[in-house]
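Listed here are the chains, written in short residue letters.
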Amino acid sequence: MDTILTLLDEEKSATRSARSTRGFLLAFLVPCVVGALLAGFSLAVLTSNNEQVGPVEAARIQHEQGGLYGSALYYRPYPYKLELYRLNRPDVAVVGSSRAMPFLRDGFAASEISLGGAVNEIAEGERLIPEMLAIHKPKLVIFTLDYWWFNEVRVAEAGEISTGTETSFTLKDLIAPYQWIIHGDAGFGALVQTILKRPEGEPRLGAWATQNGSGFDAYGAEHYGAILTGVRKHPDKVFKTTLKRLRNAKADSKMAASGAFSEAAWSSLLEIAAALKGEGVEVRFVLPPVAGPVLKAMREGKGTGLLDTLHERLAGSGLGFYDFTDGPSFGSQDCEFVDGLHGGFVAYFRMLRTMAPDLESVPSLRGLVRPVGELDGLIAANSGRATLRDAAWSGSEVDFLGLGCQK
Amino acid sequence: MLFNSFAFIFAFLPVVLIAFFLAGRFAGRTAAIGFLILASMFFYAWWNAIYLLLLICEVCINFGFGRAIIANRGAPAGRRIMIAGIVFNLLVLGFFKYALFFTGIVNDLAATHWTMIALVLPLGISFHTFQQIAYLIQVRDPKTPTYRFLDYVLFVTFFPQLIAGPIVHHNEVIPQLDKPDLTRWNTGNFALGLSIFSIGLFKKTVIADSLAQIATPAFTVVAGTQTLGAGDAWLGALAYSLQLYFDFSAYSDMAIGLAHMFNVTLPGNFDSPYKAVNIADFWRRWHMTLSRFLRDFLYFPLGGNHKGPSRAMINVMITMLLGGLWHGAGWTFIIWGGLHGLYICGHRLVRGSGLYEKLLPFAWPRRILAQAVTLFLVVIAWVFFRAADIHAAFRMLESMFGMGAGADVAFGISKPLVVVIATGAIALLAPNVIDLFARFQPVLAFDRPNARRMPPLLGRLKWRASPGWGLATGTVAVAGVIAILGWQSEFLYFQF
Numbered sequence: 001m002d003t004i005l006t007l008l009d010e011e012k013s014a015t016r017s018a019r020s021t022r023g024f025l026l027a028f029l030v031p032c033v034v035g036a037l038l039a040g041f042s043l044a045v046l047t048s049n050n051e052q053v054g055p056v057e058a059a060r061i062q063h064e065q066g067g068l069y070g071s072a073l074y075y076r077p078y079p080y081k082l083e084l085y086r087l088n089r090p091d092v093a094v095v096g097s098s099r100a101m102p103f104l105r106d107g108f109a110a111s112e113i114s115l116g117g118a119v120n121e122i123a124e125g126e127r128l129i130p131e132m133l134a135i136h137k138p139k140l141v142i143f144t145l146d147y148w149w150f151n152e153v154r155v156a157e158a159g160e161i162s163t164g165t166e167t168s169f170t171l172k173d174l175i176a177p178y179q180w181i182i183h184g185d186a187g188f189g190a191l192v193q194t195i196l197k198r199p200e201g202e203p204r205l206g207a208w209a210t211q212n213g214s215g216f217d218a219y220g221a222e223h224y225g226a227i228l229t230g231v232r233k234h235p236d237k238v239f240k241t242t243l244k245r246l247r248n249a250k251a252d253s254k255m256a257a258s259g260a261f262s263e264a265a266w267s268s269l270l271e272i273a274a275a276l277k278g279e280g281v282e283v284r285f286v287l288p289p290v291a292g293p294v295l296k297a298m299r300e301g302k303g304t305g306l307l308d309t310l311h312e313r314l315a316g317s318g319l320g321f322y323d324f325t326d327g328p329s330f331g332s333q334d335c336e337f338v339d340g341l342h343g344g345f346v347a348y349f350r351m352l353r354t355m356a357p358d359l360e361s362v363p364s365l366r367g368l369v370r371p372v373g374e375l376d377g378l379i380a381a382n383s384g385r386a387t388l389r390d391a392a393w394s395g396s397e398v399d400f401l402g403l404g405c406q407k
Numbered sequence: 001m002l003f004n005s006f007a008f009i010f011a012f013l014p015v016v017l018i019a020f021f022l023a024g025r026f027a028g029r030t031a032a033i034g035f036l037i038l039a040s041m042f043f044y045a046w047w048n049a050i051y052l053l054l055l056i057c058e059v060c061i062n063f064g065f066g067r068a069i070i071a072n073r074g075a076p077a078g079r080r081i082m083i084a085g086i087v088f089n090l091l092v093l094g095f096f097k098y099a100l101f102f103t104g105i106v107n108d109l110a111a112t113h114w115t116m117i118a119l120v121l122p123l124g125i126s127f128h129t130f131q132q133i134a135y136l137i138q139v140r141d142p143k144t145p146t147y148r149f150l151d152y153v154l155f156v157t158f159f160p161q162l163i164a165g166p167i168v169h170h171n172e173v174i175p176q177l178d179k180p181d182l183t184r185w186n187t188g189n190f191a192l193g194l195s196i197f198s199i200g201l202f203k204k205t206v207i208a209d210s211l212a213q214i215a216t217p218a219f220t221v222v223a224g225t226q227t228l229g230a231g232d233a234w235l236g237a238l239a240y241s242l243q244l245y246f247d248f249s250a251y252s253d254m255a256i257g258l259a260h261m262f263n264v265t266l267p268g269n270f271d272s273p274y275k276a277v278n279i280a281d282f283w284r285r286w287h288m289t290l291s292r293f294l295r296d297f298l299y300f301p302l303g304g305n306h307k308g309p310s311r312a313m314i315n316v317m318i319t320m321l322l323g324g325l326w327h328g329a330g331w332t333f334i335i336w337g338g339l340h341g342l343y344i345c346g347h348r349l350v351r352g353s354g355l356y357e358k359l360l361p362f363a364w365p366r367r368i369l370a371q372a373v374t375l376f377l378v379v380i381a382w383v384f385f386r387a388a389d390i391h392a393a394f395r396m397l398e399s400m401f402g403m404g405a406g407a408d409v410a411f412g413i414s415k416p417l418v419v420v421i422a423t424g425a426i427a428l429l430a431p432n433v434i435d436l437f438a439r440f441q442p443v444l445a446f447d448r449p450n451a452r453r454m455p456p457l458l459g460r461l462k463w464r465a466s467p468g469w470g471l472a473t474g475t476v477a478v479a480g481v482i483a484i485l486g487w488q489s490e491f492l493y494f495q496f
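In the order they appear, the protein sequences are chains A and B. Read left to right, the first sequence gives residues 1 to 407 (this note's numbering). Read left to right, the second sequence gives residues 1 to 496 (this note's numbering).
These aren't lab readings, by the way, just hints derived from the structure by calculation. We treat Cβ as the ideally placed atom computed from N, Cα and C, and that holds for glycine. The reader is advised that the hints may include incorrect statements.
[Said to hold, decoys possible] To give an idea of the chain B side of the interface with chain A (calculated C-beta under 10 Å), a few residues:
id, residue
1, 187
2, 198
3, 418
4, 477
[Stated by the list, open to error] Distance ranges between label pairs, derived from CB positions:
id, chain 1, residue 1, chain 2, residue 2, range
5, B, 6, A, 398, 44 to 50 Å
6, A, 183, B, 429, 33 to 39 Å
7, A, 195, B, 6, 49 to 55 Å
8, B, 120, A, 195, 29 to 35 Å
9, B, 11, A, 199, 32 to 38 Å
10, A, 64, B, 22, 57 to 63 Å
11, A, 193, B, 6, 25 to 31 Å
Just chain A, same shape as in the assembly:
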């Protein structure tokens, strides 16, 4: 009898143990399922927004189908712009930082590519130019210069140039869609909608292109999308952020417009110019504009020593250059800016319009820029705006800077 009872007890205990183990395994699955759902949603968001498309592949797709490339995860302009350049082999190459991006294709009669964003330090220019020339020799290089490259004591912000072309999602990437939602960079509903139904028409490559209409067009110009249409909050209203950065600028920071001039950077610039000249490529250096209140604050603050010295050096060097630092000097105004350090398309049309007669006077550069009359027409139709009235990718521009601009 005792044996039977013991056996029954053991059986009960075994059943209980099996049930408990089953409960354990089911409970173990709960976080696994939750984790899988969260990760699955992220993956769906990233792939439906074409974030898996790497920079080189994006350039190839744009070359064939047009479209907009604005990756939220893989901002790698160096390989992307170089690939655009390789595919288009343009007559005009615009080189520089983000301040070279607003040279819109519409301003040129010949083929043009903006490599803006590929050169964020003069050293990157020294690397890019030989690579460009090895691929193809353009007729004209418009090279925009940032004054902070010539600050002797500045600590370079750019690390190693990101030349990677592959994309593979990491933990940080999987978290990103949730951060976009929290920070208001993308709406949850819009992300779900993109998963369910991908946008039609020209390809939108990357989350910023899909969600905000911002990114590079097929010729490398940057479109700012939703911050210009008021859908997303503008980060530099009334140039407040730029002015604050300027006020807090230390001698070694990007915003310091005065200080010791870097002879090494200047030598690098001369070498770049010599390399281009040696290959028979005309180069025009451009000092891009800063918004009026920003320039005023620079002058009233520690001065614009770096800009002044750079101007003097360029003037004395015999190199072709244009100083567009001051907007009104070429007819632009603050309403044509995107933020404190970046002019919009219309401001850059004005710059091109200023450069046009000089470029037309050089036989090898004739016909590269659109005729002056057409440029004037474009400017007149869009005066006071950052982008064009009927430009692709941009909706209806609003007074996004809060300056009281009539748009």
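Dock chain B against chain A, hints included.
Leaving out everything else, chain B in the frame of chain A:
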């Protein structure tokens, strides 16, 4: 293949588990074992298929040596065959691991210019070589049965322990392969194994790899010509000490967990080593299966402590220097081993002198002081273990003791400091896998002379197959898997 990879977790492991138990059920034990051997070889070949041939050759030759020893048990030939077998294993290990190092030494000493190509170190060679040497020594014992070929092959190649241990003995694993329920699915063992594996995965991908982000930059600075501020240097050294512990013990946990899923129990390899109260205690808790090997097959044969105190010290030094060399062909590893040898000798001199008791009459402060001193000495030695070369190690030590010219960057109330403190608290205070799973014998039994009972609150934290624990371990597993996406690195001990 890495345990902390998607390929392993979501493809290899489920497929092998299902196929193993199906094979056991429908085709019998031999087929299941044969399949597990093939799967283990695939696991090994994933890294470098060429070296699989080396592994197969070593296993077959050692099995042959074993059979020859059995055939000559009690005869002088048996001993000669054993020595030949050991020499063969050491030659293979020496060729791949030490040839370049010793060629350099010879060139330096004799001003010769011999060249030696740098060979890729076969993965896990130090581990399976020692495992097979132990077998050849033990097989002379008449009590050791004659094993089937497949059982022996699986004993060496069983994928959970193939690459970084634990260094198991034949009599610990092979008899388990004979159990009738080996190939029968056991949900309880699976749940236990899954939980231990999950904890190991978390320790590796969340904790150890986070610590690597702090330790690596610090040691990279001193690998150049620079020094660090004292705070940053200590932060780097402590981060590495913790990284190594969490990394290696994570691998052991994962190996133990995986083995449980296949109804096999492995020996423990870590027992909270940073809770050690003296250096001898540390070696009873750190890489326990290596310590056992060095003790049984090196220290004891040298005479152990049976030939007087002086000879015992010499034996300790030889054992620890060779133990250091086992970890890597470099002077830094030898110095690391030498330092530990000196520590153990020092401990033997102090032990019994009553020094601690005189300094601190109360037991618990004495224990804390002993633990702190032990930890301090261990961290100092790890500097040599991690540094790129001896100069870098000294630069790190200079920095740690305030003699460096560098300034602190990361020190202060910073994220790295918080990470080091939090993970340090886990290493020093939290129960380990052996404690947590004590009810279910997670590892083969071993002596724990300095183990303390868990405090009552932590004592309740004993794992059982309940829904609560399922939720907790499931969360830990998910965190571990997701963290793989953050950074996927090899286990540190793979390089040894």
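Verification of the supplied hints:
no.: 1; hint: 187; result: 5 Å, holds
no.: 2; hint: 198; result: 8 Å, holds
no.: 3; hint: 418; result: 19 Å, violated
no.: 4; hint: 477; result: 7 Å, holds
no.: 5; hint: 6(B) to 398(A): 44 to 50 Å; result: 46 Å, holds
no.: 6; hint: 183(A) to 429(B): 33 to 39 Å; result: 37 Å, holds
no.: 7; hint: 195(A) to 6(B): 49 to 55 Å; result: 22 Å, violated
no.: 8; hint: 120(B) to 195(A): 29 to 35 Å; result: 45 Å, violated
no.: 9; hint: 11(B) to 199(A): 32 to 38 Å; result: 34 Å, holds
no.: 10; hint: 64(A) to 22(B): 57 to 63 Å; result: 49 Å, violated
no.: 11; hint: 193(A) to 6(B): 25 to 31 Å; result: 29 Å, holds
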